[in-house]
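As they're listed, the protein sequences go chains C and L.
One point on numbering: in my numbering, the residue at position 292 of the first sequence is 318, and numbering is uninterrupted.
One point on numbering: in my numbering, the residue at position 286 of the second sequence is 312, and numbering is uninterrupted.
Hints should not be assumed to be uniformly reliable.
Which copy is meant is left open, so a pair is good if it fits within one copy or across any two.
As the list claims (entries may be wrong) - Heads up, simulated SDA-like pairs for lysine to any residue below, C-alpha to C-alpha not over 20 Å straight-line:
| id | residue 1 | residue 2 |
| --- | --- | --- |
| 1 | Lys220 | Asn243 |
| 2 | Lys220 | Ile237 |
| 3 | Lys253 | Glu222 |
| 4 | Lys253 | Leu236 |
Source of the hints: derived by calculation from the structure; they are not laboratory data.
Protein chains: 2
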Amino acid sequence: MNIKDLVSRKAIEAKAGARDLLKARPGVKSDLLLKMAGALEAAAGKLMAENAKDVEAAKKKILSGALIDRLTLDEKRVKEMACGLREVAALPDPVGEITGVRQRPNGMSVGRMRVPIGVIGIIYESRPNVTADATALCLKSGNAVLLRGGSEAINSNRAIVEILRAEAKKAGINEGAISFIDIPDREAILEMVKLEGLVDVVIPRGGEGLIRTVTENSRIPVLKHYKGVCHIFVDRDADLIMAEELCINAKAQRPGTCNAMETMLVDEQIAEGFLPKVLAAMEKKGVAIKGDQRTRAIYPKADELSEDDYYKEYLDLILNVRVVAGIDEAMDHIAKYGSAHSDAIVTMNYDKAMRFLREVDSSAVLINASTRLNDGGQFGLGAEIGISTDKIHARGPMGLEELTCAKFVVLGSGQIRQ
Amino acid sequence: MNIKDLVSRKAIEAKAGARDLLKARPGVKSDLLLKMAGALEAAAGKLMAENAKDVEAAKKKILSGALIDRLTLDEKRVKEMACGLREVAALPDPVGEITGVRQRPNGMSVGRMRVPIGVIGIIYESRPNVTADATALCLKSGNAVLLRGGSEAINSNRAIVEILRAEAKKAGINEGAISFIDIPDREAILEMVKLEGLVDVVIPRGGEGLIRTVTENSRIPVLKHYKGVCHIFVDRDADLIMAEELCINAKAQRPGTCNAMETMLVDEQIAEGFLPKVLAAMEKKGVAIKGDQRTRAIYPKADELSEDDYYKEYLDLILNVRVVAGIDEAMDHIAKYGSAHSDAIVTMNYDKAMRFLREVDSSAVLINASTRLNDGGQFGLGAEIGISTDKIHARGPMGLEELTCAKFVVLGSGQIRQ
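Put together the whole structure using the sequences plus the hints.
Next up, the structure:
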């Protein structure tokens, strides 16, 4: 069987699984997730043995240390996967919620019912824990999952999927609901994203290259974010002590994340007082500073900056600093160079806070809070399957609700169209 | 300038328009729509003259009568366009609504704010009224519109757009918010749907061919429905007088619409009593009946039916009839042959009504009501820009709210990530 046929066979199985899941009661789904958690823990030894094969192969290919770290499963990480499943099991079930039911003039009641999307394709890279995390969120929201993990984790993913499917089978859930494309070739991705009518949405999780490949080839809707070029604008009316704390947190607390700040925009009226102190503190945290001309006039130690730098997601301890004339220039900068991910203002001025909130078109807009807080857990969604910077369906962290959609329901008593 | 450059220049203008619209207050937008309505009425003579050129060209090309009818603008239709604008002006503004604000343990408040999508591409065929209708819905919801109408209506569309843009200019709204791709070549569509980053969503309105072309070539999310293969299942526990009325309404009230019934599914336990009466009544309405074997055993006048017929959207006075063993076979039929548009059950049995509501995965699921009622106006949305049978963002009729999305907003007081 060729790759195309293999991939579409898996998708057909997933679609059958999705249809069966429409009938599964909330208790059945959460019980299943708890059983899966136990089964993963019980199989920790086997999982680590399978994972060791992947790690060994990765070392032979001299892949980077960071990649090998992401790939590795130890006792603690297996435990974390199991905990993740239990957390999702405990979340409220989004499916079946009926909202906004109103009676129309002709007496029929019209509302919306939250329903699963159907088959969700997850395309990811080296982290094997995504296999369990994504399965949990998809199943809990009534969706079948079609997994396609990175080739470097193939043995680990295969072992995890085997355990999850065995539990589904025991619980009387169609195993197709957890389908895994066991083909390391990149062609499998290209075939998968063409399966309109079988796969309802694709969520790629990984580097920008993977996400571009998926988006450019997909005939299926894609929920994604390419990158996080996040900003904090420190307004002239900011509490400067707060501003310093927020900016340092946003840059340095975990610089490798998509919601870390890449560019700090500072109002010209406070730049002279604010910059030397905050930039010295940044440097103490190991942050390399790149400044525009006006920044370098105030803080000569800053390196020169090119316009290209404003587009960069460093994912590292590097910070762009730009002095702006005020909120309008700051918002223009964010609209031009930003990635619509997480952008914050620090200000005590009510009017400017409200303008920033309304006019900045990002997935999360924050007043007086660190961009690092844009996260499903921090926002109270429970768990997230990713962050979307798209403009339709979902913006920001995507939790269980974002894995559903709402159909119209009509409770009639014989109404016809006049 | 080549087509690609022309199209992307228009999209760039639209994007600038969208950014300006983010700042427009609700009153400014609704006043503008009212002014546009007046201006269209005042220019009725000019519009009809321009339209006459299109109609003449269409007649020369010997296009169908139905197409020429859709294309033609008379005094009444210009008036209807103006009324449409006034109705949209009167709807509540969806932008800026903040919902679900909750305080998190660290004291920051997190909620969602409804915001425009950005630039909405509308690709449509012969009806020139879509130019005004789509513009009204997009502007009211804070979006710029990038219009690409059918070549056969080019003079009419150009004239309408000119009037709408002139009013926008007078109101101080960036004219880019109403951008029109004045290129009849099909290549313009293919270029338009590749403008990721400039156009945020594409809504094709027209025949299945147009919609397939858009979907298969688009790198931008598409909101659409291909076709409406709608069903009514008449359960053994139905009120048969109600069932007859609903089925005749769903098939014959306006058979050329996407929410008309194409296949009637009848429970075997009542088929013998129900079919002869309802099918005779259908035939009186001019409906041609195609029946499966069991239907033809009861009603021999019915024509033979092939499995292929179950997939067809007749848009005509033709009806498939199938006798099924019960609700499960009916739902299997709908899942296999349906288009997830509008599907109804007629029953007085509570349990079966609830199962049908939950398990049928269509954009609108109706109990004891005609499928013809799946419509933005009937459902109370005010006006609709189309119906979506997609599984993300929106299902069913799309009104103003479906032309927006929700971003996260954080009202903080100095919170950082721990």
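Results of checking the hints against the structure:
For the identical chains of this complex, lysine 220 and asparagine 243 are neighbours both inside a copy (8 Å) and across copies (12 Å), given an alpha-carbon limit of 20 Å. For the identical chains of this complex, lysine 220 and isoleucine 237 are neighbours both inside a copy (15 Å) and across copies (16 Å), given an alpha-carbon limit of 20 Å. For a Cα distance limit of 20 Å, the shortest separation of lysine 253 from glutamate 222 across copies, 15 Å, qualifies, whereas the shortest one inside one copy, 26 Å, does not. In this assembly of identical chains, lysine 253 and leucine 236 lie within 20 Å of each other by CA distance solely inside one copy; the values are 12 Å within and 33 Å between copies.
Of the numbered hints given earlier, the model fails none.
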